[in-house]
Each structure stands twice: as C-alpha cells, then as structure tokens.
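Here is what each chain is made of, one letter per residue.
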Amino acid sequence: DQQVKQNSPSLSVQEGRISILNCDYTNSMFDYFLWYKKYPAEGPTFLISISSIKDKNEDGRFTVFLNKSAKHLSLHIVPSQPGDSAVYFCAASAGNFNKFYFGSGTKLNVKP
Amino acid sequence: GAVVSQHPSWVICKSGTSVKIECRSLDFQATTMFWYRQFPKQSLMLMATSNEGSKATYEQGVEKDKFLINHASLTLSTLTVTSAHPEDSSFYICSADPPATTNEKLFFGSGTQLSVL
Chain A
1265 DQQVKQNSPS LSVQEGRISI LNCDYTNSMF DYFLWYKKYP AEGPTFLISI SSIKDKNEDG
1325 RFTVFLNKSA KHLSLHIVPS QPGDSAVYFC AASAGNFNKF YFGSGTKLNV KP
Chain B
693 GAVVSQHPSW VICKSGTSVK IECRSLDFQA TTMFWYRQFP KQSLMLMATS NEGSKATYEQ
753 GVEKDKFLIN HASLTLSTLT VTSAHPEDSS FYICSADPPA TTNEKLFFGS GTQLSVL
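Residue numbers (my numbering), protein chains in the order written: chain A, 1265 to 1376; chain B, 693 to 809.
If we strip away everything but chain B, and leave its shape as in the complex, we get (with noise of 0.2 Å):
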C-alpha cells in the first residue's frame, strides 16, 4: 500500500534554531500534502495544507512565517520550524492524500516529535 515517510522521528534543539522536517510519499505522487501538530491530551491540529508547486494554504492562527512549508515535487513536502521556542515542541505529522485507486482518505507520516530546549 501508499507509504508516507516521515523524518526525522525525534529532534531536540535549542531555542533560536530552526528545524526541518521532510514528508515524503514512497510510492505515489502526492499533490496535496497536510501538516497537522498534536499538543500532549489533544486533538491532531492542521496546521497548513501543503500544494505541490504552489504556496500553501495555513489555517487560522498558524504563523506562516515561522513555520515554512515547501512542496517542491510531487514526493516531498517540507515543514521548517524557524527560530523555534519552547512552546513549539510537539509532535508534528505529515499527511497525504491516497492514490484514488484505495478507500483510504489519507495516507500519514510516522511523525516528528520535536523538543525544544
């Protein structure tokens, strides 16, 4: 089946620097990707939806110039945490919409839980 890889799984950093993360579809083309973040107790948040050679769409309250996503092929989908802060550790996961050959609405990452310190 699709395959949605997601990396890295864990990074810690320092406060001021900047992380990214990469979303990759194995074995499908994904045009649409989504970036969502889980707070520790809540409910998966999308952050932003990710268009494959477009600018991506953010959700309401989401920074888009502190959290920068790049979709530059249709495989890979990218989501930097700049200069992050403790408030910005959380876990964040990648998603992305399934070939229309499967049932499955979306296809997901394994996640990145990011700490920072």
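Next up, chain A with everything else stripped away, as it sits in the complex (with noise of 0.2 Å):
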C-alpha cells in the first residue's frame, strides 16, 4: 500500500511561469516532508522540507505548501527555469526521520 502519492507521473511547463508539483499522503502520523530532485544518472539531491507544524515554507524560488487536513503538499516552482527539468521526489516520515516514505515522482520539463 503506497502512503505517498503522486497522481501526476509528468508535468510541462513553459519558462518563466510557474511549476505546480502536487503529493498526497494516506498516513496522518506523517509530521515532516521532503522533496528531492533527481537528474539522469544521478542520486536524489534535497530541495525543500516542512514540518507538520507549518503550512508554508520557502526558499529563493521553491516553496512547499502543507494542508494537513487534505493530506496534501505541493511544491511551487517559480518563475521554472530549463535547469528545474528533473524528477522530483516527495517524501514523509512520521517521528523518525531515518524512514521515509517517498513517492513515485514527476517529471517536470521546462520549456525554454
């Protein structure tokens, strides 16, 4: 059973506007959230996190959005630069932050 959801396996988006990459989750114990872009070839690197005593959190052009009572978290790109093209990863834990749970990803592809 996959606690951590991403419906959308694929996102485009034309540079300079705003990326919108959405995760749900099924697990309310879960306290505190990641995303991680992943290039080709490349392990996941860390982006932005939340913890579920917050709703916003943001840095520079990335900000990550939690509704506790919908389960859900979104991650906010702007303005998407050609270089945001990855996939990108979130993922949750509830009270121990060696274990995640992560979703299957969304391949985003800015446009120039």
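In short, the hints are calculated from the structure, not lab data.
We put the CB at the ideal spot given by N, CA and C, even for glycine.
The reader is advised that the hints may include incorrect statements.
Unchecked claim - Taking lysine-lysine pairs in the DSS-like style, the calculated list, with each CA pair at most 27 Å apart, reads:
#	chain 1	residue 1	chain 2	residue 2
1	A	Lys1375	A	Lys1363
2	A	Lys1269	A	Lys1363
3	A	Lys1269	A	Lys1371
4	A	Lys1269	A	Lys1375
5	A	Lys1318	A	Lys1363
6	B	Lys712	B	Lys758
7	A	Lys1269	B	Lys733
8	B	Lys756	A	Lys1363
9	B	Lys712	A	Lys1363
10	A	Lys1318	A	Lys1269
11	B	Lys733	A	Lys1363
12	B	Lys758	A	Lys1335
13	A	Lys1335	A	Lys1320
14	A	Lys1335	A	Lys1269
15	B	Lys758	B	Lys733
16	A	Lys1363	B	Lys758
17	A	Lys1371	B	Lys733
18	B	Lys706	B	Lys758
19	B	Lys747	A	Lys1363
20	B	Lys712	B	Lys733
21	A	Lys1375	B	Lys733
Said to hold, decoys possible - Some residues of chain B that are not near chain A, with every Cβ distance over 10 Å (derived):
#	residue
22	Thr741
23	Asp757
24	Lys758
25	Asn762
Hints given; two lone chains; assemble the complex.
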C-alpha cells in the first residue's frame, strides 16, 4: 500500500511560468515532509522540507505548502527555469527521520 | 557538502550469480545507511536500514537472506544480491544520515541499475 502518492507522472511548463507539483499521503502520523530532485544518472538531491507545525516553507524560487486536513502538499517553483527539468520526489516520515516513504515521482519539463 | 558514493552505477549479470553494490560516505561518518529499491514507475521503497557494527533491519517483505547487508565501517555499507533472478532487476540506491551540521535529512548515492538476464 503506497502511503505517499504523486498522481502526475509528468508535467510540462513554459520557462518563466509557475510549476506546481502535487503530493498526497494517507498516513495521518506523517509529520515531516521532503522534496527531492533527481537528474538522470544521479542520486536524488534535497530541495526543501516542511514539518507539520507549518503550512508553508519558502526557499528562493521554491515554496512548499502543506494542507494537513487534506493530507496534501505541493511544491511551487516560480519562475520555472529549464535547469529545473528533473524528476521530483516527495517523501514523508512519521516521527522517525530515518524512515521515509517516497512518492513515485513527477517528471518536470521546463520548455525554453 | 557531504557526498555519498555508490558503485557500480550499472551492472548486468546472469541469473543465479551474486552482485555486490557498495555505498560509501566520502567525507563524513555514517553510522546509519539505508538501502532503497525502485521498480519502473514506482516509488523508492525502503528495503533495509544498515547500522554500523550490527545487523541490518529489514522492511517487511524483504528477504534478508537474499539481500545481504554489511556495514563493517563508518564509511561503507554493502548490499549483496545473492542468486539474482530477473525479477531482482531494479534500481538500487543507498542513502546515509548526514552530519548534524546540515539541514538535509538524507544524502543519496547515485544509484545502481541492476539487470539480471
């Protein structure tokens, strides 16, 4: 049973516009969430995180929003750049930072 | 920043052979490392938690006798897929607990694509 879901396998956005990547989870015990970015032939790299005590965290062009009641989080990238083209994974943990559950990823393509 | 090195990046082997994958923390000590597996179009699934100097903790449904994990030093964990079969073909990736001085929660290796013929 997949506890973290990314229902959009791919997303295409024009350069300069906003990219919105979505993630849903089922376990109400999850209290810490991460977004990772992965380029081909490389390991995932950390992007941004949010704990359940917040509903928004911002880092430059990247903002993560958390809606606990809906068990939904989203990553906003604005403005999107061609270099942002990658696969984005969301991940969640429940009190134990060592054990994360991952979504299946969304492939973002930012067109010049 | 902290780096995790994983190799080989790609391996092809015959059915029935064993394959060893190495995961090294290059500039920090990692008492805990994690092994994940990802099948096409599916999530990264945690297979096991590797603790230096002790036995690994396996997730439910992962055969510990098939996926041997050794974490003999603070910078090296190995995953050996014993008697590999085509259904073991997958992307395997390791991660390590980073130093407490960083905000990141996990550092990942670059992954190993295993193809069993």
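Structure-based check of each hint:
{"no.": "1", "hint": "A/Lys1375 / A/Lys1363", "in the structure": "35 Å, violated"}
{"no.": "2", "hint": "A/Lys1269 / A/Lys1363", "in the structure": "16 Å, holds"}
{"no.": "3", "hint": "A/Lys1269 / A/Lys1371", "in the structure": "14 Å, holds"}
{"no.": "4", "hint": "A/Lys1269 / A/Lys1375", "in the structure": "25 Å, holds"}
{"no.": "5", "hint": "A/Lys1318 / A/Lys1363", "in the structure": "20 Å, holds"}
{"no.": "6", "hint": "B/Lys712 / B/Lys758", "in the structure": "12 Å, holds"}
{"no.": "7", "hint": "A/Lys1269 / B/Lys733", "in the structure": "12 Å, holds"}
{"no.": "8", "hint": "B/Lys756 / A/Lys1363", "in the structure": "18 Å, holds"}
{"no.": "9", "hint": "B/Lys712 / A/Lys1363", "in the structure": "23 Å, holds"}
{"no.": "10", "hint": "A/Lys1318 / A/Lys1269", "in the structure": "21 Å, holds"}
{"no.": "11", "hint": "B/Lys733 / A/Lys1363", "in the structure": "21 Å, holds"}
{"no.": "12", "hint": "B/Lys758 / A/Lys1335", "in the structure": "36 Å, violated"}
{"no.": "13", "hint": "A/Lys1335 / A/Lys1320", "in the structure": "14 Å, holds"}
{"no.": "14", "hint": "A/Lys1335 / A/Lys1269", "in the structure": "11 Å, holds"}
{"no.": "15", "hint": "B/Lys758 / B/Lys733", "in the structure": "24 Å, holds"}
{"no.": "16", "hint": "A/Lys1363 / B/Lys758", "in the structure": "22 Å, holds"}
{"no.": "17", "hint": "A/Lys1371 / B/Lys733", "in the structure": "11 Å, holds"}
{"no.": "18", "hint": "B/Lys706 / B/Lys758", "in the structure": "16 Å, holds"}
{"no.": "19", "hint": "B/Lys747 / A/Lys1363", "in the structure": "17 Å, holds"}
{"no.": "20", "hint": "B/Lys712 / B/Lys733", "in the structure": "24 Å, holds"}
{"no.": "21", "hint": "A/Lys1375 / B/Lys733", "in the structure": "23 Å, holds"}
{"no.": "22", "hint": "Thr741", "in the structure": "7 Å, violated"}
{"no.": "23", "hint": "Asp757", "in the structure": "22 Å, holds"}
{"no.": "24", "hint": "Lys758", "in the structure": "21 Å, holds"}
{"no.": "25", "hint": "Asn762", "in the structure": "19 Å, holds"}
Checked against the numbered hints listed earlier, the structure breaks hints 1, 12, 22; every other hint is satisfied.
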